[in-house]
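> Protein sequence lines, in the order shown, are assigned to chains A and B. Counting from 1, one number per residue, gives the positions in the first sequence under the numbering used here. Counting from 1, one number per residue, gives the positions in the second sequence under the numbering used here.
Any given hint could turn out to be false.
[What the hints assert, rightly or not] Coverage of chain B stretches by chain A, computed from C-beta distances (three or more under 8 Å per stretch; other residues unrestricted):
id : region
1  : 177-189
2  : 235-249
3  : 287-294
[What the hints assert, rightly or not] Derived DSSO-like pairs (lysine-lysine); straight-line CA-CA distance at most 30 Å:
id : chain 1 : residue 1 : chain 2 : residue 2
4  : B       : K210      : A       : K267
5  : A       : K417      : B       : K180
6  : A       : K497      : B       : K210
7  : B       : K210      : B       : K180
8  : A       : K267      : A       : K178
[As the list claims (entries may be wrong)] Simulated restraints on C-beta separations:
id : chain 1 : residue 1 : chain 2 : residue 2 : range
9  : A       : H576      : B       : L6        : 41 to 47 Å
10 : B       : D10       : A       : D275      : 46 to 52 Å
11 : B       : G285      : A       : D275      : 20 to 26 Å
12 : B       : G285      : A       : E469      : 26 to 32 Å
Because the hints were derived from the structure by calculation, they are not lab data. All residues carry an ideal CB built from backbone N, CA and C; glycine is no exception.
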Amino acid sequence: MIGGAQGLGVDTSATIFGAALAKAGYYLYGSREYYSNIKGRHSYFNVSISDKQIKSVTSRVNILATFDAETVFQHFTEVKDFLIYDKALEGTKLEMVRSLEKEIADEMAAVLENEGFGTTLLDVVKYLEKHGCKAIPVEYGSIMSGIINEMHLQPPIAERARNMISAGVSFGLTGLDKGYLIEAIKKTFKNETFVNLNILAINAGYALAKDHYGLKPLKIDGHRIQVDGNTASAIGKVAGGLRFQSYYPITPASDESTYIEANQMIKSANADGKDGGVVVLQTEDELAAINAANGAALTGTRAATATSGPGFSLMNEGISWAGMNEVPVLITYYMRGSPATGLPTRSGQSDLKLAVNVGHGEFPRIVVASGDHNEVFSDAVEGLNLAERYQTPVVHIIEKTIANAYSILDENSIGLKGAKIDRGVLSGGSDDYLRFKFTENGISPRAFLGQAQMFYTGDEHNEFGHITEATSNRLKMYEKRNRKLDLADAEIPDEYKLNVSGDSDTVLLTWGSPKGAILDAMDDLKAAGIAIEMIQIRVFSPYPAKKVAELLKGKKRIIAVENNYYAQGAEILAEHTGIMPTNYILKWTGRPMTKDEITDAVKSIVNDDIKKVVLHGGE
Amino acid sequence: MEENKLEFNDWCPGCGDFGILRSVEGAIRESGLDYKNSVLVSGIGCSGKLPHFVNAPVSGVHTLHGRALAFAAGIKLANPSMKVIIDSGDGDTFGIGVGHFVSAGRRNVDMTLIVHDNGVYGLTKGQASPTLPRGEKTKSLPKPNINDSLNPVALAISSGYTFVARTFAYNTKLSTEIIKEAIAHKGMALVDILQPCPTYNDINTNDWYKDKVYEMDIDPVVKDPSEELAKKNAALAKAYESDGKIPIGIFYRNSLIPSYEERLKDDIPNYLEYYPAMQAIEKDGRSTSSVDSMIERIRMV
Chain A
1 MIGGAQGLGV DTSATIFGAA LAKAGYYLYG SREYYSNIKG RHSYFNVSIS DKQIKSVTSR
61 VNILATFDAE TVFQHFTEVK DFLIYDKALE GTKLEMVRSL EKEIADEMAA VLENEGFGTT
121 LLDVVKYLEK HGCKAIPVEY GSIMSGIINE MHLQPPIAER ARNMISAGVS FGLTGLDKGY
181 LIEAIKKTFK NETFVNLNIL AINAGYALAK DHYGLKPLKI DGHRIQVDGN TASAIGKVAG
241 GLRFQSYYPI TPASDESTYI EANQMIKSAN ADGKDGGVVV LQTEDELAAI NAANGAALTG
301 TRAATATSGP GFSLMNEGIS WAGMNEVPVL ITYYMRGSPA TGLPTRSGQS DLKLAVNVGH
361 GEFPRIVVAS GDHNEVFSDA VEGLNLAERY QTPVVHIIEK TIANAYSILD ENSIGLKGAK
421 IDRGVLSGGS DDYLRFKFTE NGISPRAFLG QAQMFYTGDE HNEFGHITEA TSNRLKMYEK
481 RNRKLDLADA EIPDEYKLNV SGDSDTVLLT WGSPKGAILD AMDDLKAAGI AIEMIQIRVF
541 SPYPAKKVAE LLKGKKRIIA VENNYYAQGA EILAEHTGIM PTNYILKWTG RPMTKDEITD
601 AVKSIVNDDI KKVVLHGGE
Chain B
1 MEENKLEFND WCPGCGDFGI LRSVEGAIRE SGLDYKNSVL VSGIGCSGKL PHFVNAPVSG
61 VHTLHGRALA FAAGIKLANP SMKVIIDSGD GDTFGIGVGH FVSAGRRNVD MTLIVHDNGV
121 YGLTKGQASP TLPRGEKTKS LPKPNINDSL NPVALAISSG YTFVARTFAY NTKLSTEIIK
181 EAIAHKGMAL VDILQPCPTY NDINTNDWYK DKVYEMDIDP VVKDPSEELA KKNAALAKAY
241 ESDGKIPIGI FYRNSLIPSY EERLKDDIPN YLEYYPAMQA IEKDGRSTSS VDSMIERIRM
301 V
């Protein structure tokens, strides 16, 4: 884990550290936590390393790399092996760190006082040593002045390399050659001064550590990428043929849109094809964002928007219009802690039922929730396909924790090359074209604005698109629209709608990000003699009711695992099947579930028959 | 199919919307517009039904209250070959949708916004709209209007609209001409059309307007960037003229400001020739969008 004040390059050093591990053949999953703040507040990356692909972090931290006091005070109870800290801060008292939230400060002070320690950073070091951890003091100040003198730099420029010293110490502990780290720095920075500056910082840190973990370079087959959820969604959408994206700035969604804009000229994969541009429109609000996307979609352009809870609330009416007018539009929903502004930079799953019921009225909504970065890639493509195939809005849920976490993935596992594109039934237009023609399966062949005369209206309409309130038409048109959900239900395969892993009479029923923690906990639970099965729902509308009911039949325990209070995914299960969970593992603190939390919670449910476990790990 | 193509017109007899409808139809015909090259977008309210009533072979998109401009921008930017004409009410534009109205000026997307300006919310039974002057008590208001009115022409000029005009619904000759010019103008155009609401606005009636409106004689065209401020000031002074007469005509016209589409060309050089709606995104069911360069940048090994 590496932490420090926001704006001082914690992200960069964590990313470089990750890149270096990737170069040595390791996989990793890094989870990012930060405040709604530009500069100064505490932020951290929790990074897990493995020789196979992983999807979660642990709450037991091997190495805590710090260069400020706040990170030490906030996280020392999580440390197992090493604390890397600034020797100059040893005298800093916990109560002097003003940005540390009072609740956390009180809690941590109590931990120290209970064992008879004071509240200085040196007391923390002694506490950790008592608990079997090693503390590695780093004289950041003198190292930095040395570098500044050597390179003749302005201190503010050099300051950003401070955290690379701790990355160097951490890397030294892994036992891997520092060449990997230097290679990663060279890939990250183009400017030679920054490269040299960071290399000096790395060297200084690396020299302070001895090999502890004995990691050896691993064999690498094929390419590997390092990606976060925002980027995965952006790349997936482009591969899926997106050509119009509208958005209003909101955390944690905007990074997707700005990434697309930065890469908006798209090369054709065909030798004879032309390059084309994606229009990225920053709108004045989310009302404009959804409706501009609706408008773009009417022209036959694959169109989408990306937002988070508050913006999604504003989009309700526009999504309802899209449902009424059978508009293929994709809304990428970055779910964060709610209600209202909630925990704007933290994660959550508390808006699932909003997504499934978004917009007033009855119309088909397709709702897909990704459980990891691989799924984000494929759901972004498939979201655009489903929208056009069923001519209806599609909501793609990506939780903040997936959006801001990054993974090392095998490049060939993302499957974007020559991705399948399904544009649904197209008409091309004709003189007697009917945009809302009655058909057996409810799908009217689609023509685009410009191809035929057509009308759209939010009012109930006839086949041509003109307003009519006649009962006979209302009966048929209403049913035609809604029948499309039955078609989608029949056509979307169960293998896409849900994932099953393991086989046991104890089922962990989940969706979204807890998937990773559950899968990563499976081995530990097995070692403890507990076999589990995970069922991850990926498509909530149309809901795979029959398949889930069949899978859950005769199970002894059904444990709902969700990052919310009501277990909304399980409520949807009950709505469709009447099946209720027997137990719950819930967390609504905005922090991701870790694999140890899952392991411990399942143990207490299975061994001690606890009905409901509420998690609160991480800060 | 012909019977499908026109919806029964249910506006009140004597409504100013009829004058606007005739002018829009005339402008569409004389500008050579049809469904292949244009689309009518509307909001909600009496004006919102206009696309359904237009006797011309164009398509219509009847959207949501206040949001017509947002839909229109999406259509236009995805397919800039289309002429996009928006019909929207005064409540639609300056009440619930005023944020979009102001922002449209900053972008200068090449579109034409026609505002049906009658001072009341007709379809909800005559509440005061943002253009009804303070103190006026039209017949269904329980009390005199407590809010000041906004000035659409002045707001458009200060928001960055590059074509700003006001006209009167029953001067169909002038309205048709101005709408045609607005359509031809490359940039965001406002045509604010004063109109009576015979059912709910018993103050600003047809006769009331007829005595007051006059075709002004100013040169609204900015021919050089150095003239911009002076022309804007002159237009604003005219927009606020309040000696009992109401000037109509074109207040401001500036073709020197690049449209949003032209601005996009800086980032997407072939944007106008190969815009989003015409791009081939698949071949034989497979994506033709290469993401290789993006993948390369995140490739670690």
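> Take the C-beta atom of G285/B and the C-beta atom of E469/A, compute their distance, and say whether it sits inside 26 to 32 Å.
Between G285/B and E469/A, where Cβ atoms are some 40 Å apart, the hint is violated.
> Does the hinted range 46 to 52 Å hold for D10/B and D275/A at CB?
Once the Cβ atoms are compared, 49 Å apart, the range 46 to 52 Å for D275/A and D10/B holds.
> Would you check the hint for K210/B and K180/B, treating anything up to 30 Å between C-alpha atoms as holding?
Since the Cα atoms of K210/B and K180/B sit roughly 23 Å apart, the hinted pair holds (cutoff 30 Å).
> Verify this for me: three or more residues of the region 177-189 of chain B with a beta carbon less than 8 Å from a beta carbon of chain A.
violated (count 0)
> Is 41 to 47 Å respected by the C-beta to C-beta distance linking H576/A and L6/B?
holds (44 Å)
> Between the alpha carbons of K417/A and K180/B, is the straight-line distance 30 Å or under?
violated (48 Å)
> For the pair supplied as a hint, K210/B and K267/A, confirm whether the alpha-carbon distance does not exceed 30 Å.
violated (59 Å)
> A range of 20 to 26 Å was offered for this pair. Does it hold for the Cβ distance of G285/B and D275/A?
Cβ of G285/B to Cβ of D275/A: about 21 Å, so the range 20 to 26 Å holds.
> Report holds or violated for chain A covering the region 287-294 of chain B, Cβ cut-off 8 Å, minimum 3 residues.
holds (count 8)
> For the pair supplied as a hint, K267/A and K178/A, confirm whether the alpha-carbon distance does not exceed 30 Å.
Violated. K267/A to K178/A sits at ~37 Å, over the 30 Å cutoff.
> Starting from K497/A, check that the Cα of K210/B is at most 30 Å away, please.
violated (65 Å)
> Are three or more residues of the region 235-249 of chain B within 8 Å, CB to CB, of chain A?
violated (count 0)
Violated hints for the displayed structure, listed by number in ascending order: 1, 2, 4, 5, 6, 8, 12.
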